[in-house]
Amino acid sequence: MADDTFPRRKFLLGAGLAGTAIAAGVAGPVEAQQPTPAAPPAVVPPPQASEPFITLNALEAAFIVAVVDTLIPADELSPSGSDCGVAVFIDRQLGGAWGGGAKMYRAGPFVKGKPEQGYQLPLAPREYFASGITATNAWTRKAYGGKDFDRLAAADRVAALKAMEDGKAEFENFDARAFFAQLLSITMAGFFSDPIYGGNRDMVGWKLIGFPGLPATYADKIDDYRNRRYAAEPQSIADFS
Amino acid sequence: MATRLKEIDAVVIGMGFSGAILARELTKAGLNVVGLERGADRNPAEEFTLSRLRDELRYVVRLELMQDNATDTITFRNAGDELALPIRRFGAFLPGEGVGGTGIHWGALHWRFLPTDFRIKSVLTEKYGAKAIPETMTIQDWPLSYDELEPFYDRFDKLCGVSGQAGNLRGKPISGGNPFEGPRSDDYPNKPIKTGVAPSMFGEAAGSLGYHAFPVPTATSSAPYVNPEGITLGRCEYCGHCNRTACESNAKASPNVNVLPVLRADPRFELRTRVFVTRLVYDKQAKRVTGVIYTDMKTGEEYEQPAGIVVLSSFVFGNTQQLLLAGIGEPYDPKTGQGVVGKNYCYQFEAGGEAFFEGREFNPFMGAPGMGTAIDDFNGENFEHSGLGFFGGGYIACLNGGAPPIEGRVLPRGEPRWGAGWKQATAKWYRCNTRFNTQGSVYAHRDNFMDLDPTYKDALGRPLVRLTYNATENDHKMSRYLVGKLEGVIKAMNPTHYEVRNRPKNFTIVPYQSTHNTGGTMMGSDPRTSVVNRYLQAWDAHNLFVQGASVFPQQHGYNPTGTLGALAYWSAKAITEQYLKNPGPLVHA
Chain A
1 MADDTFPRRK FLLGAGLAGT AIAAGVAGPV EAQQPTPAAP PAVVPPPQAS
51 EPFITLNALE AAFIVAVVDT LIPADELSPS GSDCGVAVFI DRQLGGAWGG
101 GAKMYRAGPF VKGKPEQGYQ LPLAPREYFA SGITATNAWT RKAYGGKDFD
151 RLAAADRVAA LKAMEDGKAE FENFDARAFF AQLLSITMAG FFSDPIYGGN
201 RDMVGWKLIG FPGLPATYAD KIDDYRNRRY AAEPQSIADF S
Chain B
1 MATRLKEIDA VVIGMGFSGA ILARELTKAG LNVVGLERGA DRNPAEEFTL
51 SRLRDELRYV VRLELMQDNA TDTITFRNAG DELALPIRRF GAFLPGEGVG
101 GTGIHWGALH WRFLPTDFRI KSVLTEKYGA KAIPETMTIQ DWPLSYDELE
151 PFYDRFDKLC GVSGQAGNLR GKPISGGNPF EGPRSDDYPN KPIKTGVAPS
201 MFGEAAGSLG YHAFPVPTAT SSAPYVNPEG ITLGRCEYCG HCNRTACESN
251 AKASPNVNVL PVLRADPRFE LRTRVFVTRL VYDKQAKRVT GVIYTDMKTG
301 EEYEQPAGIV VLSSFVFGNT QQLLLAGIGE PYDPKTGQGV VGKNYCYQFE
351 AGGEAFFEGR EFNPFMGAPG MGTAIDDFNG ENFEHSGLGF FGGGYIACLN
401 GGAPPIEGRV LPRGEPRWGA GWKQATAKWY RCNTRFNTQG SVYAHRDNFM
451 DLDPTYKDAL GRPLVRLTYN ATENDHKMSR YLVGKLEGVI KAMNPTHYEV
501 RNRPKNFTIV PYQSTHNTGG TMMGSDPRTS VVNRYLQAWD AHNLFVQGAS
551 VFPQQHGYNP TGTLGALAYW SAKAITEQYL KNPGPLVHA
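So the protein lines, in turn, are chains A and B. Note that this note's numbering numbers the first sequence so that position 104 is 104, with each residue one more than the last. Note that this note's numbering numbers the second sequence so that position 355 is 355, with each residue one more than the last.
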């Protein structure tokens, strides 16, 4: 546990700053052309990556950042998952109505059932993710020399997630494969949902695949673009608010 | 103790397509009608607007318009000897909630059943002999014919401003349409909507194999259109977003846009929302439902609303549950085969695949759920079943429903699902793939049914509906046959890569498959084998009219809403022209 002496909050801040540098690198040419001096510090928006979390504690946040950065690593196609806001997205989803179990039938008795019968745990998503994070860290501490998932080297994080995905990670009292599926699903939702929810910053997910976002009125375009790519600078809900 | 309200001429439970049509037709006939809806009011002026509708997370992923499982759900098991467990959040199917019901978020694929579908048991018996139908296959003829229902199909087509290409106009074959369809008394209200590159390729490939391709009919108007209610519909914008949400252009038909504006303006109609009907008040001696008990969710107060006529138009599960709770009709017992309420639950047996065309540009985000090309060569009795070992079939289609980025991405098998490799693959394949679907029928099976759960209850303390359902051998054989035919067409399209998928052995309640749930209160010509008669009037309560796909004796190889809407008009006509003059059974058993 020697590694754990390094406080996670500082670690997170560090990750955020590094990410900002990457994001700035992507936007470099545009910034270089700006002739006007920077605005006074008071009106400069804070760096996006240091946005506070609503519900995740420092340990959980470090886990989620490590997961989303492994599922969506920074490369020439996009910044990392957390730099795209995916960790913030997950935090807000878990801290909101969905995470609290809205529109979910939660009466017992609770019985395991068959896979065909779907999710049968009493846990709302917020509680489910908390339990999953605890279970994953307990497993990585056993399998990877006492380290929590977020403290693993990049290659070990990939291997650990792969083991969970393939059903080869033996968690105690928790379904590793199902938890991985939830992590992947919510990460993709964060990477591709409208930026209003905190992820998909600068519509980076939409740009990756060529999705034009809003307003999506194509009646006068669909015939003209048969077999021809329709490329438009994407727009999000905020652009129309 | 419920507060007893003043009696009203008619009460309508559930304000989806059927409920809205019945309320409209009954008020037009001079009745005072109260519409009861347990969900929110949904007014297009506030809710069907941009930019709020272009929100995949809210509508597609978090299911904004769907039934609240916290209040009410069903339990599910594959077989009668298993323990049913609650569906804690809907997955395989997504009933809607609120004014408009499932008629807001539907895909608006708008089909009619085949003339032979309406007498399927007789047709199979005539063609293949009575012994060819398995004893466990509890299919029945409909108690009305295609020809009888046709004028009502036509009315619903016009209400919705359906876009399509006729294939059979008053018996005359029309080139480019579906040659297998029943005769239409009139053309589609609108020309087919525009189509995408991939559906065009599908049509050409199907034609090269000798099949008959045609544009999928859809209740999405291709041009501005004024429906018979005087309501102006807009044109489809091909936004690719309307599956699971509403349409800001008023092009996709919904009760909210196509009927309710005139109903809301009618002083004979009163809409009460967030009122949850807990039970029907049944007078068994008089064979009447005297009214309904509901809880106003805004105050917690309970009311009794007496009514001369009760229209039950909730979803399949709610309709069945109300009859079981009230003791109207004999509950079905799968061990003896006796009883009718809950019998012949059916689903839609959909299977399909994807094809990838490297380097092509399909702009998959442009589309509409009903944008596509179909063949009907392998539906119902459009093809010979001798020696195949199954009955039924379905249409096969290539559909361009839009490709919203969270749930509308697909990758070839073997490509990474995450990491740097995934990013490259998803950027490469997103814009150049297309999807296919086979809309398989489900012919009823003795073991698939609904009853009341002995353990789990809803938020108002009522037992949940318990669904016992699994795929049958007939379903699997039928579906594999359709998928085989689909694969032939895909190959002829010459893709870089393709995949087709057969259905898993057991039905599972995740992931999404289809909201085409049918049966439970089926219509028929004999009270021993049906719950409602040909006018959707309950055999055991003459002032109770049960609407919706719960009256289907089995599910055929098409989306159900076209038939559901036609039946609503058919039933409304019988009420207003026959029942009001002489209240009592319209059919004598």
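These are computed hints drawn from the structure, not numbers from a lab. There may be inaccurate statements among the hints.
[Said to hold, decoys possible] Distance condition first, Cα-Cα at most 25 Å in a straight line; then the derived SDA-like pairs of lysine to any residue:
(1) A:K114 - B:G80
(2) A:K103 - B:E64
(3) B:K428 - A:L214
(4) B:K457 - A:E233
(5) B:K428 - A:E233
(6) A:K114 - B:T455
(7) A:K207 - B:L94
(8) A:K103 - B:D68
(9) A:K207 - B:G461
(10) B:K457 - A:P122
(11) A:K114 - A:L214
(12) B:K457 - A:Y119
(13) A:K162 - B:L325
(14) B:K477 - A:E116
(15) A:K103 - B:K191
(16) A:K114 - B:A420
(17) A:K112 - B:A420
(18) B:K428 - A:D223
(19) A:K103 - B:K428
(20) B:K457 - A:D223
(21) B:K457 - A:G113
(22) A:K103 - B:G359
(23) B:K191 - A:R226
(24) B:K191 - A:N227
(25) A:K112 - B:K191
(26) B:K491 - A:K162
(27) A:K112 - B:T508
(28) B:K428 - A:Y119
(29) A:K114 - B:N470
(30) A:K221 - B:G359
(31) B:K491 - A:Y119
Source: prediction; values computed, not measured.
Would you list, in rising numerical order, the hints stated earlier that this structure does not obey?
4, 7, 9, 11, 13, 15, 16, 17, 19, 20, 22, 25, 26, 28, 31
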